[in-house]
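Dock chain Y against the given chain V, drawing on the hints supplied.
2 protein chains.
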Amino acid sequence: MIPTLRTTTSLDRMGMKRSDEAYISGLRDAPAARFLVLADAKPVINSNEAKTEASIRWFAQKELQDLGLPTADALFLGVERTTGVGHFAVAVSEHRAKNAPGGGAIMRPIVDLRSLAMQGVMSADDLSLIGQAKALTHWHESTHCCGRCGGTTMIKDAGWKRKCWACGQEHFPRTDPVVIMLVTDGERCLLGHEGRFQKEPRMYSTLAGFIEPGEDLEHAVRREIFEEAGIDVGEVRYHSCQPWPFPHSLMLGAIAMAKSTTINIDPAEIEEARWFTKADVQLMLDRKHPDNYWVPGQQAIARALIKAFVDGWWK
Amino acid sequence: MIPTLRTTTSLDRMGMKRSDEAYISGLRDAPAARFLVLADAKPVINSNEAKTEASIRWFAQKELQDLGLPTADALFLGVERTTGVGHFAVAVSEHRAKNAPGGGAIMRPIVDLRSLAMQGVMSADDLSLIGQAKALTHWHESTHCCGRCGGTTMIKDAGWKRKCWACGQEHFPRTDPVVIMLVTDGERCLLGHEGRFQKEPRMYSTLAGFIEPGEDLEHAVRREIFEEAGIDVGEVRYHSCQPWPFPHSLMLGAIAMAKSTTINIDPAEIEEARWFTKADVQLMLDRKHPDNYWVPGQQAIARALIKAFVDGWWK
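Protein chains in written order, with numbering that gives the first Met the number 0: chain V, 0 to 314; chain Y, 0 to 314.
Since the hints were made in silico from the structure, they are not lab data.
All the pointers check out, no bait thrown in.
FRET-style restraints, in silico, Cβ to Cβ:
#1 V:Cys166 - Y:Glu52: 37 to 43 Å
#2 Y:Asp72 - V:Cys148: 18 to 24 Å
#3 Y:Gly296 - V:Ala278: 49 to 55 Å
#4 Y:Lys16 - V:Met153: 36 to 42 Å
#5 V:Thr81 - Y:Lys16: 53 to 59 Å
#6 Y:Ala21 - V:Asn47: 57 to 63 Å
#7 V:Gly233 - Y:Asp310: 20 to 26 Å
#8 V:Asp310 - Y:Glu169: 38 to 44 Å
#9 V:Arg95 - Y:Leu284: 54 to 60 Å
#10 V:Ala123 - Y:Lys277: 35 to 41 Å
#11 Y:Glu79 - V:Asp11: 46 to 52 Å
Keep in mind it's a predicted model, so treat the numbers as computed, not measured.
Positions of the beta carbon are idealized from the N, C-alpha and C atoms, including for glycine.
Excised from the complex, chain V in its bound form (with noise of 0.2 Å):
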């Protein structure tokens, strides 16, 4: 089971070549270049009118030109490995979209990421791409000024660097590391209700927590497990991993063994944790849980852990 949210291999991202002014400009003002519109982080797309498929809207320069959105600071997406067009995304607010004159028609639907992933209305390059934009373009917003003396901060080779004006200090996109385990006894798994799902009061994931400086994954995934759920965890495997744009994390995902099996969870941070057995999991990915208990979709990277516990992936 792959996730829907994965990394496409559609665009070459040219990394060797984002620092090259007139390669950059020549791509982005060639006829053919495409543009991806993010709106307050979320993008505008086309969908037919059921609404079960959707796409990224993509626009030519002379039409941002026309309604008067700036592309000179376009984040540089990549290149079509086929024809060669270049990829560019630009940042507005929804506001200043939708009001640019003659934006209202063609600046929607504007429909944010985690609802296209969720419905599985997309295809995966599409929402790959608007996830390497929505990363990048709140790593710009949080990077305006510089950490080390406070000073204003440039946009530098194509969206990938920002430097100071004042003291020089190169700044990189931040991607943030992050656990998520599933825990076994063997038996049954581990699954948690988060506050935050409190809109879905049946929902159950596996556990998951930032990976703090100094520790590799192991560590982290005992610490959390810990600290969230009181248990003891012995071996952890890496499983896969998924990149997941909010904003901008890494997601590393493993199955771990526990060592024990009292639960004592930090109220601070999830509401509820609890062992089920593979029937109930199975009943919980098929939605058909007697409780109506469930679990995330195919976006969700949990969900692959989830169905490798079921299909016996530890052996």
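Chain Y alone, transformed into the frame defined by chain V:
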């Protein structure tokens, strides 16, 4: 093979208690509390005369007060599991440490972490604590000001958060995920020689690079190997990981199968890359290669990946 630089488990980081000021100050002001001093990010250590053994030079709070070094903003590393003693780090300039009244004698030797890890003279626990403190210290130095508004940030949660005085934005420690990968064609492995190894012209190592926003591990491995060496990579398997506090990375180690073998390096990234046989690599591990080629030491995950290749880890 486990690298020297790994995560200690002797301290409990007590993440849930960092925001509890009374708890933290109680630990900090206890007579048994221990303080690690980083002078320009290098630890003050004890070592024997022959310099074959070294350990952290732990200070009492009273000692630091007598030297005029402040402990109020000490970074909380954790609590020793058996004794409950709080461990902290204090970051000062090397100039200030050495010139503290009476500090000259006890503030040396001051040795950088990389050398200590390479020389194999210090326990893994001590190296890990220095790494944790060093990564956190570097993050503080690069987050004096708020990236969002430029305002001054204040230290919070015993060193695990900063908060903007002006706009209230919270900032959390940064850890940069990096892929480091041994590429094999089944028989040989690809090792490179980077410009930054110029002092060590005969040292070859695995290639590595930062994971970008929106990427997963597999994508980052394939992109980096293609960018740096022009090799197409097929299957990628996660091997192990390692905290790498230079300044605050998490190295994610992988072994990857090449789909092509013609090397085409990017000279801006690496100086040379070549295929080595298992026999060659074994000689390099043993430092018996006839051309004096060698590979990184036991501090580095690169060596663990190289050894895994020689030992036939990929089945």
